[in-house]
Amino acid sequence: MQKMDLYGHTDIVNELLARYGVKFGIYKNNEFKEQLFPFDAIPRIIGNHEFAYLEKGLKQRVTALNLFIQDIYGDKKIIRDKVVPEEFVYASSGYLAQCEGVAAPQGIHAHIAGIDLVQGKNGEWYILEDNLRVPSGASYPMIARELCRRSSPRTFQEYHIEDNRNYARMLRKVMDHVNTGGHTVILTPGRYNAAYFEHSYLAEKTGAHLVTGSELIVDNDHLYFKDYSGRMEPVGAVYRRISDEYLDPMNFRRDSVIGIPHIYDIYRKGNVALINAPGNGVADDKGIYYFVPKMVTYYLGEEPILQNAPTYLPFYEDDMRYVLENFDNLVLKDVAEAGGYGVVFGNKMTKQQKEDFIALLKKEPRRFIAQEVIDFLDIDIMDEGKEVPRKADLRAFVLMGEEPMVWKSGLTRFSRNPDSFIVNSSQGGGFKDTWVLSQ
Amino acid sequence: MGIISVENTDRLYWLGRYSERVYTTIRLFAVSFDDMIDNYIDSYADFCKSLDIPNIYTSKENFIERYCFDPEDPNSIYSNLMRAYDNCVTLREELGSETVSYIQLAVYEMQRARISTAPLIELQKVVDNILAFWGIVDDCIDSQNVRNIIKIGKRIERLDLYGRLRMPREEMLREVHRLSGRITQTQLKYRVDYLREIERLVEDTEIDYCTVVMKVDHLLEES
Numbered sequence: 001m002q003k004m005d006l007y008g009h010t011d012i013v014n015e016l017l018a019r020y021g022v023k024f025g026i027y028k029n030n031e032f033k034e035q036l037f038p039f040d041a042i043p044r045i046i047g048n049h050e051f052a053y054l055e056k057g058l059k060q061r062v063t064a065l066n067l068f069i070q071d072i073y074g075d076k077k078i079i080r081d082k083v084v085p086e087e088f089v090y091a092s093s094g095y096l097a098q099c100e101g102v103a104a105p106q107g108i109h110a111h112i113a114g115i116d117l118v119q120g121k122n123g124e125w126y127i128l129e130d131n132l133r134v135p136s137g138a139s140y141p142m143i144a145r146e147l148c149r150r151s152s153p154r155t156f157q158e159y160h161i162e163d164n165r166n167y168a169r170m171l172r173k174v175m176d177h178v179n180t181g182g183h184t185v186i187l188t189p190g191r192y193n194a195a196y197f198e199h200s201y202l203a204e205k206t207g208a209h210l211v212t213g214s215e216l217i218v219d220n221d222h223l224y225f226k227d228y229s230g231r232m233e234p235v236g237a238v239y240r241r242i243s244d245e246y247l248d249p250m251n252f253r254r255d256s257v258i259g260i261p262h263i264y265d266i267y268r269k270g271n272v273a274l275i276n277a278p279g280n281g282v283a284d285d286k287g288i289y290y291f292v293p294k295m296v297t298y299y300l301g302e303e304p305i306l307q308n309a310p311t312y313l314p315f316y317e318d319d320m321r322y323v324l325e326n327f328d329n330l331v332l333k334d335v336a337e338a339g340g341y342g343v344v345f346g347n348k349m350t351k352q353q354k355e356d357f358i359a360l361l362k363k364e365p366r367r368f369i370a371q372e373v374i375d376f377l378d379i380d381i382m383d384e385g386k387e388v389p390r391k392a393d394l395r396a397f398v399l400m401g402e403e404p405m406v407w408k409s410g411l412t413r414f415s416r417n418p419d420s421f422i423v424n425s426s427q428g429g430g431f432k433d434t435w436v437l438s439q
Numbered sequence: 440m441g442i443i444s445v446e447n448t449d450r451l452y453w454l455g456r457y458s459e460r461v462y463t464t465i466r467l468f469a470v471s472f473d474d475m476i477d478n479y480i481d482s483y484a485d486f487c488k489s490l491d492i493p494n495i496y497t498s499k500e501n502f503i504e505r506y507c508f509d510p511e512d513p514n515s516i517y518s519n520l521m522r523a524y525d526n527c528v529t530l531r532e533e534l535g536s537e538t539v540s541y542i543q544l545a546v547y548e549m550q551r552a553r554i555s556t557a558p559l560i561e562l563q564k565v566v567d568n569i570l571a572f573w574g575i576v577d578d579c580i581d582s583q584n585v586r587n588i589i590k591i592g593k594r595i596e597r598l599d600l601y602g603r604l605r606m607p608r609e610e611m612l613r614e615v616h617r618l619s620g621r622i623t624q625t626q627l628k629y630r631v632d633y634l635r636e637i638e639r640l641v642e643d644t645e646i647d648y649c650t651v652v653m654k655v656d657h658l659l660e661e662s
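So the sequences go chain by chain: Z and E.
Residue 1 is where the first sequence starts when you use the working numbering, and the numbers rise one by one after that.
Residue 440 is where the second sequence starts when you use the working numbering, and the numbers rise one by one after that.
Hints listed in this document are in silico derivations from the structure and should not be mistaken for laboratory results.
Among the hints, a few may not be true.
Stated by the list, open to error - Below, in silico cross-link-like pairs of lysine to aspartate or glutamate (DMTMM-like), each with a Cα-Cα straight-line distance of 25 Å or less: (1) Z/Lys-386 <-> Z/Asp-5; (2) Z/Lys-362 <-> Z/Glu-303; (3) Z/Lys-121 <-> Z/Asp-378; (4) Z/Lys-269 <-> Z/Glu-100; (5) E/Lys-628 <-> Z/Glu-215; (6) E/Lys-628 <-> Z/Glu-233; (7) Z/Lys-33 <-> E/Glu-446; (8) E/Lys-564 <-> Z/Asp-11; (9) E/Lys-628 <-> Z/Asp-227; (10) Z/Lys-82 <-> Z/Glu-364; (11) Z/Lys-226 <-> E/Glu-511; (12) E/Lys-564 <-> Z/Glu-215; (13) Z/Lys-363 <-> Z/Glu-325; (14) Z/Lys-33 <-> E/Asp-581; (15) Z/Lys-33 <-> E/Glu-511; (16) Z/Lys-23 <-> E/Asp-491.
Build the full structure now, drawing on both the sequences and the hints.
Set out below in structure tokens:
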């Protein structure tokens with residue numbers, strides 16, 4: 001097995017990742033720290049046929065999610081037809097009244113979707129979460145692949161693996177498709193953002209300008225970027241990596257100092273594309289997640305190809321009853337949290353914690369969802385020279401340009417702790433490359 | 440990259456200045472440290488005075504440790520390298536990952552030196568990476584503007600340091616010529632009258648170093 005040759009180079013690949021500044025930022029005790037993202041050279045391998053199935057299901061799901069966002073801020077047919085209860089839409093923190101009636105350029109709201117999946121031990125894939133706001137993570141397998149190919153070219157000669165370094169080209173294609181005329185920029189909150197490496201790396205690879213809010217200005221209903229000689233250069237597309245509420249202090253949070261005043265006004269007029277569009281949070285809310293398979297059927301008239309993890313909404317009486325009866329077998333998630341936070345396992349709570357949690361659940365049933373604990377398929381990682389199994393998920397990336405495209409790779413994150421299901425980098429997880437076999 | 444923003448221009452310029460400051464202060468520190476081996480006890484005080492940094496150090500040993508490696512000392516070589524890094528890391532799309540990596544490597548070497556049993560000799564690796572960084576700037580960055588702005592920062596910083604350290608006339612002359620040749624190639628706004636004045640001052644037999652430093656520090660300001 002030639003891939004063993006690659007495994008032997010894990011340390012040098014990690015050294016090179018450190019050299020290229022492949023890090024993520026984290027705040028601990030109000031102090032910013034940069035941490036390396038540990039890479040494990042044993043890849044997740046997805047066969048050609050299996051990926052074709054995932055690809056089909058992912059395209060279907062993201063197409064439906066886009067239609068849902070368009071509908072929610074437009075006709076609201078799905079609410080009128082009682083497929084999704086309005087409480088779930090309007091109570092969602094991701095719903096933005098400011099987006100009502102606003103048409104996104106080319107009708108695309110979720111240009112870049114990060115869909116988190118796990119594979120059960122039965123081989124079935126389950127969707128765990130949709131990320132439609134500012135999903136991150138594509139840069140890590142991109143650069144890791146580059147270094148792995150350099151460290152073990154034989155492995156890549158031997159196996160027929162789809163080249164994942166085309167992500168930047170795919171992204172650029174999406175940016176160009178929606179660009180309203182002018183430069184393309186990547187808007188970062190700045191150097192101390194957790195995903196700053198990714199922002200700068202994608203700017204380098206796509207040829208977009210990396211900018212902060214203070215470098216852009218709205219003038220005469222158009223967006224401009226001021227260069228050092230004082231020239232005002234028009235901007236037609238903004239791949240923004242800052243969250244909705246900070247994007248424009250005149251339309252969203254007034255105290256935002258990282259946004260661009262009036263950018264949302266000119267977006268409304270169709271004079272700039274925002275990638276992803278504001279307001280997408282209404283569709284990736286953990287409560288709305290429950291309804292995504294229904295959206296697929298409603299908008300596309302198709303059966304959903306990919307299934308959710310079995311999910312219950314304590315908001316519904318029947319589901320509340322089920323949750324209380326099966327509390328120890330479920331994982332409960334706070335819909336307002338992300339990054340692996342706000343996730344509790346019923347069987348890990350003390351009696352007191354359980355009582356307190358149930359009281360909260362009854363008081364705020366809309367705030368939580370409950371899911372069956374999926375026994376994910378373990379993936380091996382190298383730990384002190386030995387291959388040991390660990391829990392891992394997969395973030396797949398779906399890009400919506402002229403047509404939906406699924407990146408033939410993805411970010412596989414794993415837990416380094418043998419007893420944990422939490423794979424997030426902010427909680428100590430590592431990452432792997434994801435190989436999609438081309439034949 | 441066709442256009443450079445005001446912010447990136449500023450970052451490129453300061454990247455040039457801080458990388459030069461680290462490079463030159465390590466070299467000068469090595470000379471000063473050599474004096475200290477022979478127990479010329481006040482040499483660190485002279486060093487601080489010449490660089491116009493406060494002498495907050497309590498002993499020769501304290502100076503060696505803090506001036507080189509103390510992240511809390513804003514004048515330390517470590518702090519200056521971190522400022523170079525902070526500017527560099529925000530310029531990946533202008534410089535490219537390969538170029539950025541040399542400043543990152545200099546930071547790692549500085550961190551290794553800090554905990555090494557022979558920290559001062561380890562600083563050579565920091566210098567090596569800064570030299571490699573300048574090399575790759577020349578070799579891999581296509582935009583002449585980007586290269587020139589970094590180099591203007593570097594030249595201004597060197598002249599500033601050399602002026603403060605009252606370096607010999609030949610050295611001053613060489614640095615002024617390098618700066619004059621470069622600055623006209625950028626679109627940066629600078630004070631032509633100050634540049635002419637600096638060129639004239641370094642020709643004098645008795646150089647007025649204070650005025651040179653003052654003019655250098657304000658060279659990029661508009662009149």
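Checking one constraint from the list: CA of Z/Lys-363 to CA of Z/Glu-325, max 25 Å. Satisfied?
Holds: Z/Lys-363 and Z/Glu-325 sit about 17 Å apart, inside 25 Å.
Between Z/Lys-226 and E/Glu-511, is the straight-line Cα distance small enough, at 25 Å or below?
The given pair, whose Cα atoms are some 35 Å apart, is violated under the 25 Å limit.
Restraint check for E/Lys-628 with Z/Glu-233, where alpha carbons must lie at most 25 Å apart:
holds (20 Å)
Need the status of pair Z/Lys-82, Z/Glu-364: alpha-carbon distance at most 25 Å?
The given pair, whose Cα atoms are some 22 Å apart, holds under the 25 Å limit.
E/Lys-564 and Z/Asp-11 were given as a pair; does the straight-line alpha-carbon distance stay at or below 25 Å?
holds (21 Å)
Pairwise hint evaluation, E/Asp-491 against Z/Lys-23, where the allowed Cα distance is 25 Å at most:
violated (36 Å)
Holds or violated: Z/Lys-33 to E/Glu-511, with C-alpha atoms at most 25 Å apart
holds (16 Å)
Hint consistency between Z/Lys-362 and Z/Glu-303 [alpha-carbon to alpha-carbon, up to 25 Å]
violated (33 Å)
Can the restraint linking Z/Lys-33 and E/Asp-581 be considered satisfied, given a maximum Cα separation of 25 Å?
Violated, at roughly 33 Å.
Would the pair E/Lys-564 and Z/Glu-215 pass a check requiring their Cα atoms to be no farther apart than 25 Å?
violated (36 Å)
Check whether the Cα positions of Z/Lys-121 and Z/Asp-378 lie no farther apart than 25 Å.
Roughly 8 Å between the alpha carbons, so the hint for Z/Lys-121 and Z/Asp-378 holds.
Measure nothing beyond the straight line between the CA atoms of Z/Lys-33 and E/Glu-446; if it is 25 Å or shorter, mark the hint as holding.
holds (24 Å)
Consistency note: the structure conflicts with the earlier hints numbered 2, 11, 12, 14, 16.
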